[in-house]
Structures are given as structure tokens and as C-alpha cells.
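There are 2 protein chains.
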Amino acid sequence: MLPALALLAPLSLLTPAARADEGMWLPEQLPDHADRLAELGLQLPVSQVADPMAAPLGAIVSLGFCSASFVSPQGLMLTNHHCVGGYLQVNSSAANNRARDGHLAADRAGELSAGPGARVTIVEQITDVTDQVVGRIGKGTPDRKRQAKVEQARKALVAACEAKPDRRCHVASYFGGAQYRLISAREIKDIRIVYAPPESVGSYGGEVDNWMWPRHSGDFAVLRAYVAPDGSSAEYSPDNVPYQPPHWLQVDPTGAQEGEMVWVAGFPGHTNRYALASQVAWTRDVYYPWAIGLADAALAILAEESAASPEAAARLASPIDMIANGRKNNQGMLDNFRTSGVVERMQAREGQLRAWVAGDPARQRQLGPALAELDTIVARDQATWQAQNVVGRLTRYSDLLWVATTAVRLAEERKKPDLQRDEGYQARDEDRIRARFERLERSLWLPSDRRLLQLMLEQAQALPADQRVASLDAWLAEQGGVGPALDRLFAAPALADTAQRLALLDQDAAALAASADPWLGLARAIEQWAAPQRLRDKERAGAWLRLAPLWMQAVQGARPGSVYPDANGSLRVTFGRVEGYSPRDGVWHLPHTTVAGMAAKAGDSPFDAPERLLQAAPRAPRSRWADPALGDVPVDFLATLDTTGGNSGSATLNAQGQLVGLIFDGNYEAMSADWLFDDALTRSIHVDVRYLLWTLEEVEQAGWLVEELGQAPR
Amino acid sequence: MLPALALLAPLSLLTPAARADEGMWLPEQLPDHADRLAELGLQLPVSQVADPMAAPLGAIVSLGFCSASFVSPQGLMLTNHHCVGGYLQVNSSAANNRARDGHLAADRAGELSAGPGARVTIVEQITDVTDQVVGRIGKGTPDRKRQAKVEQARKALVAACEAKPDRRCHVASYFGGAQYRLISAREIKDIRIVYAPPESVGSYGGEVDNWMWPRHSGDFAVLRAYVAPDGSSAEYSPDNVPYQPPHWLQVDPTGAQEGEMVWVAGFPGHTNRYALASQVAWTRDVYYPWAIGLADAALAILAEESAASPEAAARLASPIDMIANGRKNNQGMLDNFRTSGVVERMQAREGQLRAWVAGDPARQRQLGPALAELDTIVARDQATWQAQNVVGRLTRYSDLLWVATTAVRLAEERKKPDLQRDEGYQARDEDRIRARFERLERSLWLPSDRRLLQLMLEQAQALPADQRVASLDAWLAEQGGVGPALDRLFAAPALADTAQRLALLDQDAAALAASADPWLGLARAIEQWAAPQRLRDKERAGAWLRLAPLWMQAVQGARPGSVYPDANGSLRVTFGRVEGYSPRDGVWHLPHTTVAGMAAKAGDSPFDAPERLLQAAPRAPRSRWADPALGDVPVDFLATLDTTGGNSGSATLNAQGQLVGLIFDGNYEAMSADWLFDDALTRSIHVDVRYLLWTLEEVEQAGWLVEELGQAPR
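Order-wise, the sequence lines are chains A and B.
Heads up: the first sequence runs through residues 1225 to 1938, numbered per my numbering.
Heads up: the second sequence runs through residues 1225 to 1938, numbered per my numbering.
Do not rely on the hints blindly, as some may be mistaken.
To be verified - Below are the DMTMM-like pairs computed for lysine to aspartate or glutamate, each with C-alpha atoms no more than 20 Å apart in a straight line: (1) 1379/B - 1335/B; (2) 1388/A - 1559/A; (3) 1640/B - 1655/B; (4) 1825/A - 1559/B; (5) 1825/B - 1559/A; (6) 1762/B - 1367/B.
Derived by calculation from the structure, the hints in this document are not laboratory data.
The task is simple: from the sequences and hints, build the whole structure.
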């Protein structure tokens, strides 16, 4: 840290002192930060930046799991390469492996459908609905009833909202349920792949470089949104036309210099910034070590199976990436926790909070009991975590078991009126479920599915006595143990056939209950444990809804100033500067990497850069996209922004609101920022728009796309 | 590289542009660099800096294998911890392991003798003797005779010089034998250890951090020179008194800041800056891979034997370090050669040189034949390298075989008049040989000696047919092969006994030849091959003496400007600045490390920092030795100086000629600087004098030493 300041001292003559910028702000909170934004150099009125329906925020959209942004009046969008992996997989075959080789559409006709499940949502209205959701719930309402009322109110709001055509709506909860907003978005259903680089560019360095700096990933992709000729949203059709968005971003080809203001608007998924210290300590001491051990076991299986054939490798690449990424995240958390004393700092902060509460009798009366009850709930969670997590992974690691449990559950939910069905299993969700059942055709791999199921069934059998899943134990005993059960399940699994899998969705609960398919038997056994567990979960959620606002009241009271809600997938804004950091004494991570640095890493996989890229690299310093100060085309850069998963693909904007890059990762040294933001260490990692422009122009010879991105012809 | 420049751009507003400073200059060459020295900020007259007999150069001394400097009028000297390992070992026992634990003398009486072989030499006169050495050798003199004449002239000059009492003289050769200087030095024979830190401070990070940055080694030690009461040099005696040097350095406790001028005067040992490209390419492709393989085999043996007992570990620590250090050097060279294209750049430079020669008929006539002959000699070297290197390591890896061959060789040389004896085996060398024979008592370990000898004998048996060592083959056949030979050699080796070992030195050649000791038999077999080999080597040396001046003429002609001679153990000056570097794209190595960074690395060996150091560490930022900009006590720092082995322990001086640190290493990324200096990558690594002062004052409570170093009492 200190050497870094020393090195930056001369810089500070030119720019204001370095300062980290914690906060995933709601757009409406930005006026509170007008001074800081001015200090950073924002050139737009704060009121404009705070308006989600005006440019530039109006150009930011969601892909569901990632962010993206419009960059041309013809519906062109930029996002990360790692956000379009699924889109590429549905367009891949053994003969034409687009997931590996990427895709460049030579013209509009060459733009490939991203598949039936692909969706873009464009926020059109954000309404505070706190009063409608919790305003009329009496203080003494029992927890389970409280949860049900909130759930009902949210579903009713969503249903009314989605009565309009092409709408996708949801009610987001903020500050643990103290506030609610109804977010109404236009949904576009025909998404096409315009350009995706080869995997060896888009995720250059693969798992080795994942989360790491220096980084040289060209983690970008170009999509286009299409609508029906009449402008309405429509599923893919060759007759569809490019969507003309109300707002799109300008691209600034001068990029972002060290020290320059950058900001990001996007849809960060989940953070735990207001967790209890006891939750963090338990996560460190119990959960992460367990999750890492299990991930290692699963990865060992997947690696073995993957080595068996190129087909297995192609099908298992995505689950391996996902589990390895989670494992590296968990390990990174543990490393960060140790080096940065995260738990100790959260404990100290919580100690101050508890002292603040206890220090005033009125506060103690109002908040003290809530703190005590939260402690009790957390203790109970920590006593029953293992069964929940084992069952959760049981139906996640085995694709076929996921199909069976989803079908059984959906059939059960269908018995209820739509508004009473659980979230995720309503009529509005059925298309997505069907699309996922269909997509399994391209990723299902029975040998690994069997071994992963075996791994998790053995885990279930090793659960402690007080956490046994009795119905699963009984089913396994009936089968004669894990081995015979697996033999039966995998003898001729009907669910491996796409038609039979989809047919499940047309059967009612009675038909499924009558089925002799062993997969459905196993699913019923699990559901027998899960159904009452869900009721307990709902009761806990009701208690949490009651207590969280009090907890946040204590948080805000003990730590005055503007407080932002935890990430929840809703639109947020974070701002800061392009800046390096010191990962350890004596080392400074520079804020930019270059094409020369990318080429210097080239070699075996995962650094198997394509030949055409390496051949173009020596000319990069003389290209029009080269940075004069760096003397080369920049590849990736660091900034002090506060981001997390879900922000991937978000446009990185400059002080004029122009696009200078795409955020795609955070740094290893600050993984624990999901729990506690670290001023000195937390950095976001972005791909520089100049690397995209250079790649399109000099490597892919796709000048027409460079022009559609607003750049002059070469 | 480029990101570094970009980052430094603001710095350049304050200081002149960064520029690397190649050159190990003779002091007399410094006036050629007056402009650059002024630009760097030198505050002393260049004439003063260029005078080896004035301060500050007059305070720089040699320990033989390392440099050191006087820092008080009472003969106090500073050098590196890694330079006093041998001194500590002779003062170590199982009960009091000073090599591991270090030593702090509570008072003068507690200062420990560094042992009978320890010497300090203080340069008193440097005389150009080129004319005496080569001035009267006729052009047509045959090569062997040329070599003999040069050798004779050098020995005669040394003998005359050493006729004065307390003198140690040598004739150094520059530019491959184009110039010679007689260096006359005063020799002091009573050296004492005042302070050495524990090994876990002095070589903190051990082999893991060796050559690496960021570095946190406290690689310093404090010695004192003693003389007889009458001021003459004398071997250790309790009656001796501290030597009062004519010059000593002032210590500047404000240290060296980033960008500040620093310079080093010392005794760099060996570089190959003017090698032929074919020599470098061969070294990369043949020699280093072979040497690495052999080092790995030796290290595996030493590691196994070392694990057997604490005594073995103690005795083998030093050879393990030495071989591991050499291996890492060789591997680093290969890495550097690859990443920096050293061979390709030397080939390109030599291509220009050859074009320059060929481009002019007169030059071609004068220099062309010399180039062709050099090519022939290099080709011959490369055809016979293996036998020479195997025999070389045979007598280096086995201590007992080294004893036997040294005794046999010395007895042979003693037959001749002293001036005709080979260098290293003259009367003046006998004390040193005796001291080494004696010191073996503390390091000899028979189990590893046997296995290393076996390794090398097997290497000898695997030599290609055209490089067999016939006399060794015959001896081995006589013994019945390697196994029986080893059994006989190690049955009851007389040479393992110190008295019997020393007694060898009192026997004449005839007595040794009559001995039935199998070690002497083996030594005689080797000598039978080595003696004619030495004659061929001398002939080659004579040719080289004839050709090297022509080669240097071509080097200098093709590349005008001041040229410095290769390092040869004589006094040199190098200057530059405190500055970091970029080891790879996206990363900058900061020029200072801190006590906090040292503490953050603490853990298992080799990072087993002593408890008292770790306890003092958190208070370092508030100590009087803390750097205000860093906010902590600096540990090590980087500079752009041009140094190599032998410079270790040299005082690092500031623009006022005050001591701010001690150089102890170079960086891994620029190991190949011994062949080719790389402007962007070559850095020297120094321990900051403030770390020494802080350690003495805050960790060791040795305030009296801090005061003797010219600092105010706390």
C-alpha cells in the first residue's frame, strides 16, 4: 500500500488524491454524491446520470445473468465473451465448434440466433412499491404469514405489470426487505450473435488467469437484438428486423487513461456487505472448506471423464468452468480473509454497532431483541446447513436428477392457482424451464452425470445423524444401496432423450406419481424432504423480513452517511478511476496491459492465442487504436469500481458517458469484497474497447462493425 | 517496458528521463562520464571520485570473494551476511550455531576472529604495467611462449611488489590482455566478526527469494579489522588493536529515495560482455542444460544426505547453497535468454561488427584473419568441453579428491623455482591452501562425498569416445570399476583426518608418489591427463592474448564511445539511480520493500524470521529510521547499477559519497546481464542502511554500534 502511494505521489500533483469508491448505488442515490462525481470529473449533469430511462443508463440492458449495452441505432449490443458461452454452444457442432472458434457474421444474414431461451430486458419503469408490499402487514403478523403476504403482493404486482405485452417485471427487495421496487422491463426474444472471438481470445489464459492480474482476455462479444417487423417482441424469425433502441452509447476510441474517471451501470447480482460477523466467520471456517473439498472431488471426476473423448470434453467444458470458477472464488475468499483480516474487521465493525445499540436504552429496547433473535436464527442455520447444501448440490451436479425434481415440483405447483405457485414455477417460468430441458441435449454426458450423482448420494449417506434425509435414506435402502440404485437409474434413462424429457412437462402430478421411472422415484423421495423444508425456509424468511429492517437501522445508525443496498440484480451505478494497486510489498500492478504483453504469454493452452492474432500483434503499436502513452494497443485495464458477478458485460463509461470498455472480472486479492470492500485492494478488471476495435479491424478484417460502432472507415 | 515509461511519465517532470547506466568503469574512466554524473546529481568533484586512493573509493576494500568498506575510524567494516558465512562457520559448533543464529559482540572482547584464512586487502597503488607485460613480446612469438612470457612478467611484478611487508599484489588483465595493471594492496590478516544477524534475517527467504524481487533480506554484517600494536599486519592475536583506516565512509541515515543517484565501487568478479555470439549460443544450447542436469543430480544427493541428521544438514548447508545458487543462475540465464532474445541480439551486434570489418579492405586485412582464428578456437573448445568440465567437477564435488589433487599438484609445482610455479601454487598461496585444508574439518561429510564422487566418476565413464580420460579409465579398470574403487577410497580415508590431511602438505612429490593411499592414486591418474591439458590450455591462452586485442579493436570500432573492460575482480565504479522495473506486462516492481512486507512473508523456513524481529516490526513505522514517504523502515531497494558477483558487500553510495546501503544481488530477469546488459531490466538489489540501523537499535539493542556508525544516541 504505502509504496504504491509513494509511487503515485507525482501523479497526485495532477489529479486529486487516490481514494477508493465503495458503493453500488441506486441511480436515484447519485445526487447524494454530486461532489465526488464532480471531483472525479464527470462531464454530464448528475440528474441525467441518475435517470435510468435517459441516456446513457437507458442504453444499459440485462441478459438475465449478465449486463450488456446498446451501441448502435440498429440494436447492436456489446457484452462479454463469457456471457455468450451458452449462445455459442447451441450453435456448435463437432464439425463447426463455434464455442471454441467464435463466429463472425459476414452480413445480417450471417447473424446467428442465440437460441430460444435468450432474452434481453430493457428497463422501462422503476416504481417504489414498498407500501403495496409491506405497508399493510400488521406488526404482530406471524412470520410464515408475513412471508406469504409479501410473496403474494409481489406476485400480484408482477402479474399486473406483465399483463401489458412484451413485458417482464419483477419486484426487487432492498435492505433485506425494508424497501421494494417494481421494475418493469421490455423483453426482447430474438437475440443474435454478430461476433464472438475464439475462446482462446475471449477467455485467454482460461482458469490460470481467471481473477488474475496482469490479464490479457479479449472478453468481448457483439450481439444484435431483433423484433418483429411491427416493432413488437417476437421469438426468432427470419422476418424479424433489428430493434431500434431509444438510447445507445457512443464509443470513445481514445479509451481510458490512468487516473481518468470511469463508471459502470449494470446489474450486479449478489453481495453480503451487511452480513453478521458470525455468518462470515462460519462461512470461512466451515462452508468454504467444505465447498472446496466437494468442488475438488467433482472436478477430478469431470477432468477424468473429459479426457475420455473430444465429445465429452466439449460437453463438460461449461460445468468444469463453472465449478472451477466457484472453487477459485472460495479459495480466493479464504486467502483474502487471511491476508486482509476480513472477519476480524467485520467483527470489529459489528462490535461498534452492538455498542452503539447498547449505549442508549431506547435504542436497546427497540433494536436489542432483534439482534438477539438474528443471532438465534444464524445459530440455527449453522446447525442444519449440511443437509440443505448436500441436497442442493445433489440436484445441481446431476443434470438428470435436476430434470426429474424440476418436473415433479412443477407438476405439484401446477395444482395451485398461478399466483400461489412458488416463484420460479409459475406459468411465466415454464418457457424458460422448457428451454433448459431442450438445451440439455447439447451438454448432457451420462458417464459424468452418474459419477457426480454417486458422489452426492455418498455425501448424503455421510450426513450426521441429526441431519439425515430420511426419505432419501429409505429410497436408497429400497434400491439396495447406492450402487444398485445407480445401476437402475442409468440402465436406460428415458430422461436422456429430449422428447421424453420434454414430455414430462406435459404430465400432471398424478401421472408422474404413477410413473415407474426410477428417476421420478428418486425425485419424489427428495421432494418428500424438501417440501416441509421449504415451509420452514419461508418461516425463516418471514422472520428475516421482520428483523432485517431493524438490523439495517442499526447499521445505518452506527455508520452514518449514504448507505447503498446489497446487490440484488437490479440496476446500480458505481464510479471511480482507472488505477493500479499493490498486491504485495514491493509490487505494483499497472493499470493497463498491452497486445505485446498478450503475445509474450502465448504458448500452450490456455494461452493458445490464434495465429492471426499473433501475426497482427507486432503491428499493433502502429495501429490507430494504439495508446500513445503505452505505445501499444491496450488489452485490459483496472479501475477502482465496486462491482460483482452480474456486472459482467456492463459498459465501462468515461466522464462524458461514452463507452471505453467492458467490465468482466474482479481481482483475486479482493474477492472478499463481496463481504467487505477493501479501499486499497478492490479493483475491477475491464477489457479496453480499443482491443475490441483493433481485433475487429486488424485481426478479423470486420471494418463494417468498426463503422457501426461509430468509427471512421480506415 | 512501455507501461513502465507511461507510469513514470509524471516522475520525468521532476527528474531527468530514466536511462539505464551500463558500465563497470575503471575509476580513471570516470572523467569521460562527467556530464552524466552531473545530470544524475553527483555532489563530489569527478576527480575525487576517480581517485582510488582518496575518500570515498579509498574506504572500499576487498575480502577476496566479496567487497566491503570501512565505516569508522576504528576499522569497523560493513559487508553482506552472505559474505561472512565461512567466518561464522569456523565459529560454530553444535552447541553454539553462529552460522544459524548470528553473533553480536557485546564489546571488543566479544568480537570473534573470522579465522586464519580471512583477509582484507586495501588498494594502495594501481600502476599501468602493460608495457612491462607485453611491450617486449615480438609479433611472431609462438603462442605458448607468448603465454609463458606474460605469465613470467606478471609473476615477477607481483614478487617485486610483495617484497614490501604486508603487501598483496596482483597483475590484472583488461580487454582480454590488451592492458595490464599492477594492483598493490595492503593485506590485513586479523578480521573479526562484530555483528552478523541470524541466517533467517541475513538470507531471509533463502533459495526461494534468491535473485528475486520483492526481496526482504537483511544481508548485512559488521566486521572489524585488527593490526599489531605497532600498526603492522599480523595474524590474530588478543594483543592486536583496531586498524585505523586512512578513509572511512559516512553513513547517511536518510537513505536513498526513488529516482536518487546511487553508485557503487567494488570488485566485480567476472563478465562476458565481449563474448563471441557463438560462445553464447553454445552456452545456452549445450552448457547450461548440461550443468543444470548435473546440479539437479548433485542437489538430490545432498538433499537426501542432509535429511539424515542435523549434523549432516549443518555441514552440507553451504555446498547446497552454492550448487543451488549456480543452478538457479543457469536456469535464470536460460529464461532470460528466451524472454530477452540475448543470443539473437548478440548475434545481430556481432553481425554489424563483422560487416564493419569486412566493409573496409584495410580493416579486413588487419582484423579479418583474427576473427576467423577466434572462430576456429571457439569451435575447438566446443568439441572438447565435456572432458574438461567433468574433470573440473570431479575435483570440486568431492572434497577429499580436491585435497588429494591439490596436494599432488602442489608437490609437483614445488619442484620448480617459485616464479615458475603455476599461479595458485606458488609459495604465496600455500597459507591459503593450508587454511582450506584445515577448514574442511568443519564441512567434510563422507556419505555425500562418496555419492558425489560416484556421480562424477560415472559421468567420466559416460564421456564420448573422443573425449575419454584414458588415465582415469585405466585407474578405474585397475580397481575393478567404480563400485570397488569407492569401497577402497572410503574404507578408511586418511585424508578425512585433519592432521593427516595437513601432513600431506609437508611431503614432497616423491613421497606422495610412493604413497599407497588410493586417493593419491586417483589424484595421480587425473594429473596424468591434466598436466598435458594445461599445456594445451596455455597455448590457447597465448593465442587468445594475441587475438583478443584485435577483437576488442573491432568491438570498439564498430560501436564507438567509451568502452569498459569486462569485470576481472579489480576496482570498478558503476553509477545510476534508485528505480523499479517492469518484469512483465502489467506489473511494476517498486524500488523499495518495507519491514511490514518482511513481516507479511513470515512463516515457515526460509521465511522463519526471528520472534524478536517480528515483535519489533509493528513499531518500525514510528522508529527514527522510517522513511517518511514509505511510512515504514525500508528493507531492500533496487537501482539501475551494472554489477555482478564480487560486488557483493560493496557500499552503495549517494551523490555525496555517503553510504546508504550495501549491494547484495541482481534481479532474476537480468541474470543474463553478465553477457548482455539490458537497459530496461537490469537492476541491482541493495539492503537499505536504515534496515541495518533499525535492526541494530530496535531488534538487537546494540546502540553502541549505531553510534560508531556516526549516528546520534537514541
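Find the hints from earlier in the document that the structure breaks and name them by number, from lowest to highest. 1 and 2
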